[in-house]
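Using the hints, position chain L against chain R.
One line per chain: the protein sequences are R and L, in this order.
Residues 262 to 625 (my numbering) are what the first sequence spells out, left to right.
Residues 3 to 122 (my numbering) are what the second sequence spells out, left to right.
In short, the hints are calculated from the structure, not lab data.
Since we're looking at a predicted model, the values are computed, not measured.
The beta carbon of each residue, even a glycine, is placed where N, CA and C say it ideally should be.
Heads up, some of the hints might be wrong.
[Unchecked claim] Pairwise CB distance ranges, derived in the manner of DEER restraints:
#, chain 1, residue 1, chain 2, residue 2, range
1, L, Glu-94, R, Phe-558, 29 to 39 Å
2, L, His-96, R, Arg-432, 34 to 44 Å
3, R, Gly-491, L, His-96, 28 to 38 Å
4, L, Ala-32, R, Gly-491, 18 to 28 Å
5, R, Thr-489, L, Ala-32, 18 to 28 Å
6, L, Leu-99, R, Ser-488, 30 to 40 Å
7, R, Val-478, L, Glu-94, 45 to 55 Å
8, L, Glu-104, R, Gly-404, 41 to 51 Å
9, L, Ala-32, R, Ser-581, 47 to 57 Å
As a plain string of letters, each chain reads:
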Amino acid sequence: MAGRALFAALAGVSLVGGIAGGLWRLGVAVPDPLAFAWAGQVLLVHGALMICGFLGTVIGIERAAAVNQRWALAAPLASGTAALCLLLGHQAAGAWLGVAAAVLFLAVNGLVVWRQRATHTLLLAVGAGAWVVGSLLFALGQGGDAVFPWWFAFLVMTIAAERLEMTRLMRRWPAASATLPAVLSLLLAGAAWSGADPRAGGILYGAALALLAVWLVVFDVARRTVSTHGVSRYMAICLLGGYAWLGIAGAAWAAAALGWPTRDIALHALGLGFVISMVMGHAPVVLPAVARIKLRFGAFFYLPLAALHLSLLVRLVLGSFSEPLRAAGASLNAAAIVFFAVTVAGAAIAWRIQYGAEGARKTR
Amino acid sequence: MESPVTSLVLPAAAPFPYEGPEHLQGPLTAALSRVVDPEVSMSIVDVGLVYGVTVNAELVHVRLTMTSAACPVIELIMDEAEAELDKVVPPELHIRLELVWEPPWSPDRMSSGAKRFMGW
Chain R
262 MAGRALFAAL
272 AGVSLVGGIA
282 GGLWRLGVAV
292 PDPLAFAWAG
302 QVLLVHGALM
312 ICGFLGTVIG
322 IERAAAVNQR
332 WALAAPLASG
342 TAALCLLLGH
352 QAAGAWLGVA
362 AAVLFLAVNG
372 LVVWRQRATH
382 TLLLAVGAGA
392 WVVGSLLFAL
402 GQGGDAVFPW
412 WFAFLVMTIA
422 AERLEMTRLM
432 RRWPAASATL
442 PAVLSLLLAG
452 AAWSGADPRA
462 GGILYGAALA
472 LLAVWLVVFD
482 VARRTVSTHG
492 VSRYMAICLL
502 GGYAWLGIAG
512 AAWAAAALGW
522 PTRDIALHAL
532 GLGFVISMVM
542 GHAPVVLPAV
552 ARIKLRFGAF
562 FYLPLAALHL
572 SLLVRLVLGS
582 FSEPLRAAGA
592 SLNAAAIVFF
602 AVTVAGAAIA
612 WRIQYGAEGA
622 RKTR
Chain L
3 MESPVTSLVL
13 PAAAPFPYEG
23 PEHLQGPLTA
33 ALSRVVDPEV
43 SMSIVDVGLV
53 YGVTVNAELV
63 HVRLTMTSAA
73 CPVIELIMDE
83 AEAELDKVVP
93 PELHIRLELV
103 WEPPWSPDRM
113 SSGAKRFMGW
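Extracted from the complex, chain R is given alone in its bound form (with noise of 0.2 Å):
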């Protein structure tokens, strides 16, 4: 119990810091950062703590809980950790024990593989793998431009392994585990190339994103899941939604690369969109797994999610043509979180109510 707490603070802290830091970034002071000695370092790591900060550690929790080691629990503790010296200012320390999470990530990885030798497994460790390096580029002193292609083709790698998984219920699978592989390998070539060439390297991984999008769209079980119902309808929607926006994410990377001011599109519709909108139709059925939490799933579920979406397309499409729109649209981009952290706290509230303390304490 004082674990689980222990590691939803820590996740916690993460993501309120590194959204705290993206809204400074546009000029949203909620509250006065200037009121906070340590404002400019939040400012300067809000990827690191959204990325490794946050999601790192939640999928770290998740991972853990897969393979049923206790021990695998020391990377998410490391990298939630290392988010806490990094709000703290401890750059260095923080920027070193986010590699350590990373390498302990991977070793989890490698026991997955061991037990299940297939390509998703293999794909979940190679993405572990694009975290060691983004964390380690990081850590080195490397700019956005060198990290963030690493650090987020470690959470879309481990998104499209996992959805590679649940495409072997559908009969074109053999097509989809051949081609999953080559254009993911295309994304980590565009983020080796990025380093050495920003204009090259970009215009490829924005490629590989959209195509990636595309493979999802033709692949995924979720076009067959939306027309079922509940919690299964919910997740595909969520899914669904996601691939849009991984879509637009390709396409303005590449137009970043290109010199075209797209570079917040990039970021948050791939960050925000894809990787939030997954995090959020998994949320109400990995958190009863994981924190032994049990909700009680509704139609009210759609309200964040619909939410996030509204938020985006303020911010990154109108947000285009005005920065205090793009500035409003962030504001609604942290306001759609709280409230899927309210719904989901709602939910629970729900679950408890209806079938009683014992049956929460039961959860399992």
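Frame of chain R, contents of chain L only:
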């Protein structure tokens, strides 16, 4: 790890190998069919995750697999299976759920209804 197959009760429509008293086969199959993989809205029986059920004088032994070793809901599905089995298994029998990875799951194990749903 594989059970001997000599005394299997395996009617034509049986979704998984079953060895044990005939009167328990229906309730046990129904109980496992109530456990749903939330991602695809199909029961673990339809997806073909149940490798076999053996019942003797003391024990109901269920062998289950998962489609992925990286799946975080493995324990949740196992717990739900245990809870559903608990509703139909006579109190004098223990329940043992075993997670197995061999032979690896393949789409061949899916029921015809599940395959139809997934566009096969």
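Going down the list of hints, with the structure as the test:
1. In this structure, L/Glu-94 and R/Phe-558 meet the distance hint of 29 to 39 Å, their C-beta atoms being roughly 36 Å apart.
2. Checked against the hint of 34 to 44 Å, the pair L/His-96 and R/Arg-432 passes, with Cβ atoms roughly 40 Å apart.
3. Under the hint 28 to 38 Å, the C-beta atoms of R/Gly-491 and L/His-96, about 33 Å apart, fit the expected range.
4. Checking the proposed 18 to 28 Å range against L/Ala-32 and R/Gly-491 shows it holds: the Cβ atoms sit about 20 Å from each other.
5. Taking the beta carbon of each, R/Thr-489 and L/Ala-32 are about 21 Å apart, inside 18 to 28 Å as hinted.
6. For the pair L/Leu-99 and R/Ser-488, the supplied restraint of 30 to 40 Å holds, since their beta-carbon distance comes to about 31 Å.
7. Evaluation of the 45 to 55 Å hint for R/Val-478 and L/Glu-94 yields a pass: the beta carbon distance comes to about 53 Å.
8. L/Glu-104 and R/Gly-404 have their C-beta atoms about 47 Å apart, which keeps the hinted 41 to 51 Å range intact.
9. With their beta carbons about 56 Å apart, L/Ala-32 and R/Ser-581 fall inside the hinted range of 47 to 57 Å.
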